[in-house]
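Chains as they are written, first to last, in my numbering: chain V, 1 to 294; chain P, 1 to 294.
Be aware that a few hints might be false.
Cβ-to-Cβ under 10 Å is the rule here; a few derived chain V residues that face chain P [to be verified]:
(1) Thr5
(2) His9
(3) Phe36
(4) Gly38
(5) His79
(6) Leu108
(7) Gly110
(8) Leu116
(9) Ala122
(10) Ala140
(11) Trp155
(12) Leu163
(13) Leu239
Hints in this document: simulated from the structure, not taken from any laboratory.
Positions of the beta carbon are idealized from the N, C-alpha and C atoms, including for glycine.
Protein chains: 2
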Amino acid sequence: MKPLTRIEHFLAEAISQGEAPGCPPKLMGAVRHAVFPGGARVRPQLCLAVAAACGDDDPELSNATACAIELLHCASLVHDDMPCFDNAATRRGRASVHFAYGESLALLAGDALIILAFQTLAVAATHSPQRLPALLAMVASSVGMPYGAVAGQAWECEPRINLRDYQRAKTGALFAAATMGGAQAAGVDPTPWRDFGDWLGEAYQAADDIRDVVGDPRVLGKPVGRDVALVRPSAATELGLEGAVAYFDQLVSRAIEAVPECSGAEALRTLIRDQSERLVPKASTAEFLRTAAV
Amino acid sequence: MKPLTRIEHFLAEAISQGEAPGCPPKLMGAVRHAVFPGGARVRPQLCLAVAAACGDDDPELSNATACAIELLHCASLVHDDMPCFDNAATRRGRASVHFAYGESLALLAGDALIILAFQTLAVAATHSPQRLPALLAMVASSVGMPYGAVAGQAWECEPRINLRDYQRAKTGALFAAATMGGAQAAGVDPTPWRDFGDWLGEAYQAADDIRDVVGDPRVLGKPVGRDVALVRPSAATELGLEGAVAYFDQLVSRAIEAVPECSGAEALRTLIRDQSERLVPKASTAEFLRTAAV
């Protein structure tokens, strides 16, 4: 099974664990809406790629780790899109959850997804229960306080904000969880995998900032120009577009250098090169800069 | 250490795990506001009482289970109080979290508390990692989909609602998690402990409905009359006050009968009798009924 097919399959299985007759139907609808159809599934793919590079001796646990990370990511999108934050009407090319189901169900769908993420991990740890405490604590810290995604989002409520701390927590932490979690699920020490994830997270955030300036909302499936409109910190507004692209390239290089030596290292480096070109296509940013300069 | 002191101590320790320099200060404030000062800490006390009755051979894990359940309860209060649900300005005698910190931080504080609950459990499972998968899955299912607290809350978004399903999920599930979790943390089969928690949860919900009619908001620390104002299902509105009190007494009796035989059974029964009198004092409901009849 291809990694992406494997991810969709296990996400569907995880979601159906939470569904049963007697569950409020609108909540089930809102949760499905938040997860399917998905985006690029970058984090779970990364997690499975690292697990594969580390031997992947417990695929049930690596699948669950990848799923858990994607469910937590989906939860953060649902809550970030709500009126008290971005008030985004669209996501992945269609209505955001709160727009389709209302605020109350968006709030609960996000909560349900966070809970389901941890439940998915716990249920899958029957073969290797001794791996669960550290793996679960690591995944939780990547989304919680003090330095996880929720803390990152909370910087938007502070009067002063450091761009690097903000992005590291809001985006980077879950990338580091993907690389470290892939290793941990395979019974390998996650520490050497942290930097790889950290650099990728920063690169991904920079790419997102760039796409917020040059992207086509029809392709991205969400509105653009939000960082400027919401006066949100962004690499593109801080460094200018050309500076942000150079910064992105630098971060990708650092990520590639940070891949720990292992049998699957070269395959991982190739994956990162391909994904980074997909994220920030050289041709279209050059074209944008040329047109903007005219 | 008395159970209540032990609970406050471990809650403070759990919260401080999530705090560190570099964490957004307002988020830390909102999370503390949600947990301290607490209410009666009914669920964690129940959890520790069952753990004690089951031998409590890993107090680190039973403390963490009790804490996790209370953190999940606090999270649900924060989110339920938000404008898209109850829009409650007060809780536990002072401003609700969204009223004190704003909606964005209330949303994130609830998320952070859910995450912290699972993290607390994972971190405490180092001595008995083999107990973690089932314990964590059980706690997660008590708050998630299809029949946990979040699902219960989601019934408020449906056009039709069954009072028993609603209350069982919204309140009962976390009580069952408290009794079952106390047993599981002590390495004991949780199955016989489910009914005890289920009946207690239903009794507690009925008490809450009664107090929403007869309670003094200064004593309760939250507004009363909300069930009628929000057209919310309630035992008191469905059965009348006298009927609701009889229903409550019946539920307490069933809970007491459901205590599994064990060395601590009699102590548990006494605890339940004391707590039920504290929740619905016979004297004051009789007085209310007498005055209302005049």
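Notebook entry, point to check: Honestly, which of those hints from before does the structure not fit?
Noted result: 1, 2, 3, 4, 12 and 13
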